[in-house]
Each structure stands twice: as structure tokens, then as C-alpha cells.
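Turn these sequences into a full structure, and let the hints guide you.
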Amino acid sequence: LMHCTDADCANDLVHNCTWVNGTICTKAPDPNCDCAYTTGDVLYNEKMCKADARCAWDAANAVCQHDECAAGQAGSQTCGAVNQRCVDPTPAPCTDDWYCDCVPPATRDPSTQPGQAVAVCVLDECTAVCPTCAGTTCSDANQDCFDPKRTLTSVGDWTCTCRTPYTGVAVANAAVCQIDECVDQTCATCAKATCSDKNQTCHDPDKSVLSDWTCTCPPPSSQSAVAAAVASCDFDECTLRKKTCENAGQTCVDPDQSV
Numbered sequence: 006l007m008h009c010t011d012a013d014c015a016n017d018l019v020h021n022c023t024w025v026n027g028t029i030c031t032k033a034p035d036p037n038c039d040c041a042y043t044t045g046d047v048l049y050n051e052k053m054c055k056a057d058a059r060c061a062w063d064a065a066n067a068v069c070q071h072d073e074c075a076a077g078q079a080g081s082q083t084c085g086a087v088n089q090r091c092v093d094p095t096p097a098p099c100t101d102d103w104y105c106d107c108v109p110p111a112t113r114d115p116s117t118q119p120g121q122a123v124a125v126c127v128l129d130e131c132t133a134v135c136p137t138c139a140g141t142t143c144s145d146a147n148q149d150c151f152d153p154k155r156t157l158t159s160v161g162d163w164t165c166t167c168r169t170p171y172t173g174v175a176v177a178n179a180a181v182c183q184i185d186e187c188v189d190q191t192c193a194t195c196a197k198a199t200c201s202d203k204n205q206t207c208h209d210p211d212k213s214v215l216s217d218w219t220c221t222c223p224p225p226s227s228q229s230a231v232a233a234a235v236a237s238c239d240f241d242e243c244t245l246r247k248k249t250c251e252n253a254g255q256t257c258v259d260p261d262q263s264v
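First residue of the sequence shown: 6, per the numbering used here; consecutive thereafter.
These aren't lab readings, by the way, just hints derived from the structure by calculation.
Keep in mind that the hints are not guaranteed to be accurate.
Computed list of lysine to aspartate or glutamate pairs in EDC-like fashion (alpha-carbon distance at most 20 Å, straight line) [what the hints assert, rightly or not]:
(1) K203 <-> D239
(2) K247 <-> D259
(3) K197 <-> D211
See below:
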């Protein structure tokens, strides 16, 4: 059979070929009709395309196309209503495959797929680039960034958290990181039981600095050891008790000042 044109079908009076639904030139009722549109023919595709008011026939490329995101189209209207951008991955052929996508810096929630019309958008201020985002604030301070609520309306709530063994957290800023080496029992530089085992008192003068804790002797000795060491608590008891000996005309001697 020959490929049909509009004129072929309209003028085929001998075999009584007629249009069916305005798109197909059929053989009925005469099986000898010598002209027909068939599925896959360019002319058939063109006829089907022109029958769909949404679509436009691209004669140069012989494809039926429709920009579903063009102004006034369903995709453009639906996405625009929720402040998202319309994406039409295949404007040719003419198919309903448009979807809405998030406008940067927001991103599509990874748990959702593009198949749905309206996207579920999230804004992770720890990874996105925006005026309220963390950027390198946390990483520059060797801290971890966390965005507790990744919605488009919850901004400026990201936090920087200190890394172990330090503690500290701050909202929308770098944290002040501290560690009390006299209290903490996990860090490599912590005092642990070093002071207490010797009946000494531990003191950490600067909780932002490591290995600066000291052990201090119990009264009446006031000696201490700096830089993470046990103090030497020698004490001459005659300093306090020599009067007892002097009143008896004797000399005070402390033979073991470490006791």
C-alpha cells in the first residue's frame, strides 16, 4: 500500500476509503483500498500530533513536541504556584512527563523521586550555599555542622559542635570548645586518677587547653605540680610546730618531710 496524504484519502472515491476519528485513512469498507495510514508512519504521526491540541508538529525533525513548562501550560502553572521550577525532560515526543523541581539552594528530598508533580524540597544549611548557610564556619574551627530542621522556612538554626574530647555547641556560629581534664575520664591527656591516688587535688586552669592540669598538695602544704604531674608534697612540720619544742628549750627537727 502507498502512504496516504490528506488528499489521497479524501479523493479515493473508487475504494470508498474514509477517515476514522479524523486521524486514520482506513481500508474499510473496501479491502482493496490502496492507501492507508499505519502506526509508525511519519504521516500517521503527524496526523495524530495535529489532532492533539497540546502538541505541535516539528516538520524539520519529524517529531511531535510540546514544552509542558512553557508559560500557561499545566507544568508551568502547577510548579509556579509552589515557587518551584518546571522540568520537561522530553519535550519531544509530546508526553505528560513534566515535574516540579526545587529552586537552589534548596534540593529535592533524596527520599522522593522526580515522578511526582510537586517536589518535596529541603534546605540543609550545612551543605548548601546561601546567605544564612554555615559555609566553612564549622569546618574551619575543626567542628561538625548539623542542621536540625531542614525546611525552607527554618533558617539560621544550624549548629557547630565540638569534636571529642572537647564539648561545646553554638547556634549559627563556631562553638567555644572546652574540656575539664580533671573531670573527663576519656581523653588521652586527662588526669583521671593521677591526683586523687596521691590524695591531691586536680585543677584545670584553662579548659580550652590540653595538658595544663595540675595536682595540688593537701593542706598544710601548698605545693603543686604544673603540666600534668603529681606534686611533691614535702612539708617541714616544724614550720608550724617548732614553738612546742622551743618552749621546752629544744630544737624542732622533721626527719621525714614527705610524711
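Going down the list of hints, with the structure as the test:
For the proposed pair K203 and D239, the alpha carbon gap of about 13 Å is at most 20 Å, so the pair holds. As the CA atoms of K247 and D259 are separated by approximately 10 Å, the hinted pair is consistent with the 20 Å bound. Our distance criterion of 20 Å between C-alpha atoms is met by K197 and D211, whose separation comes to about 17 Å.
When the structure is compared with the earlier hints, no violation turns up for any of them.
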